[in-house]
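Construct all of the structure, not just a fragment, from the sequences and the given hints.
Residues per chain are reported as follows:
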Amino acid sequence: MEKIISVKNLRKTYKKETAVENVCFDLTPGSIMGLLGTNGAGKTTTLKMITNLCSINNGKIVIDNVSLDENPELALSKVGAALDTPSFYQELTARENIECFAHLYENIPKGQVMELLDYVGLSSQAEKKVKKFSLGMKQRLALARAMLGQPKLIILDEPANGLDPQGQINLYRLICDMAKERNTTFIVSSHQLHDMEKFCTDILILDKGKSILQGKTEEILSETTNIVDCILEETKTARSILFECQGISLISENGNQFTVRLENICFDEFIKKLVANHLHIRYLSMRKHSLQDLFLKLTGGTEPCIH
Amino acid sequence: MYPLTKLYARKIYRQKLIYIFFACFFIASFFYAFLISTPQMEEMLNINIGIVGRKNFPEFMMRFYVGTVGILFNVFLLTLSICEEDRNKMLYQPLLHGENRSRMMRSKIYVAVSMSIIFVLLTAFINYTTAFMRWGYEIFEQAAFIRTVIKYLLSGIYMSVITLGIITLCICTRGAWKTILFVIIYLLIDQFIYSSNIALLQKIWVGYYLNLWTFAYEYQRIPFSEVLIGISIMILYGIIFFQISLYRTKKIDF
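Top line first, the protein sequences correspond to chains Y and U. The first sequence lines up with residues 247 to 553 when you count with the working numbering. The second sequence lines up with residues 80 to 333 when you count with the working numbering.
Note that these hints are calculated values from the structure, not bench results. Hints are all accurate, no fakes.
Looking from chain U toward chain Y, a few residues come up when the C-beta cut is under 10 Å (computed):
id, residue
1, Lys168
2, Tyr171
3, Phe333
In silico DSBU-like pairs for lysine-lysine, Cα to Cα no more than 35 Å straight-line:
id, chain 1, residue 1, chain 2, residue 2
4, Y, Lys462, U, Lys168
5, Y, Lys374, U, Lys95
6, U, Lys257, Y, Lys375
7, Y, Lys534, Y, Lys254
Quick reminder that beta carbons are idealized off the backbone N, C-alpha and C, glycines included.
This is the structure:
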């Protein structure tokens, strides 16, 4: 199957500290990969290595059958990227900013700049100086800039930062449309796990620079592990029982509300155990695990307690 | 012209600082040309208008730009153009649009070096304009005019080498304040070396020749041999700075 990007054994160290180690993945055209991880997990470093902004200590990156190491210019001509917080020439307008970079490409049609601004919903703001833009508008402008030259692969580093909920939905819809209509491949790093679960076709989770989970989103989420949300009386007793029971791991608790993961135990057996321990069940609900559950499980995190 | 060079040139000439600075320089040069001819000012400044005025006025005013003021002005512009762009994540943007590091840095260098030469020539133009307004055609005495124009051109070469040095500092330190600090240290060392008697150090010090041309040969013709040695040393420094800048740019982890 055709691969738009192939990353093998990527490694990056800063002095004695390893930022990224043995990261591997392949992506086919039209796929959207969510790059997840806690702060400092190595997401941005990985993206910067792919875009050649950061040197690689070990590993190989091939973009559309061109090795980044051997021919970086040709390889990167197929890539568009918006990394870090979106930055522009503040004194220039949105149109001028995009035009500045459009001049670096050969054969960019005259109207394409306005077309791109229209595509990201900024055509009415084209003549406004960027210094007057909100962060959300800058994010969209960064996406327009990344789309210059119609790249086959677009890399976005936390593109939803600073966007309101509607803005986030619009952005993700835009990404999905581009992936479908233009067969563009996306690598998107984000902390918005709920949204990533919905629109990413592939997931890669990094923790302390290492890849701890990767694969197709559907496959990852179809694993058999179940999550149970329950409200139990006798909080102290309930907590100690849930801690001690084999095959159950307590994910989070908020007063008498508990969320547990059933690992080697079925739902019926779980209920029997609660009853056998004379716990009063006020509420019980089972669901498939979400990307967030999985992420917290793998990175050793816990859900926040809201009192 | 290469598109990226055009982009950087457009960007740098949009800096309001440049226009404010040269407007101030024009005003200063204008008032100086008119005020130094008054007996009160002549006495107060302890200058001889017969020497520093008329045909010698453009050379007299040259030292107000070339050297400390010009170097500090350049360092502010270059830190805005390189260090601040680096901090704002704008320096690497062309690399995400098909440019390579070497071309990016060469474009920066070409714009900065040509800018530094243009600024010296602009200073010459301002000084000749104000001198003409004050003394008329008297200032175009052939020998003095040729000598002064040569001195401005030599100063342009010096300023372009210093500009390359500042770019190297910007790339190596990647910090505006560190760069400014190092430039101030350079200026102090420069004065120390010129006023010292360490002949060997003077011979290999890039700033020594400018001081020699502007102070030791003030209102005089510079011997060709001195020009040749000075230019050779400056070119050598220029090549070293250029190569270091390109090498460091290739190694940066943005």
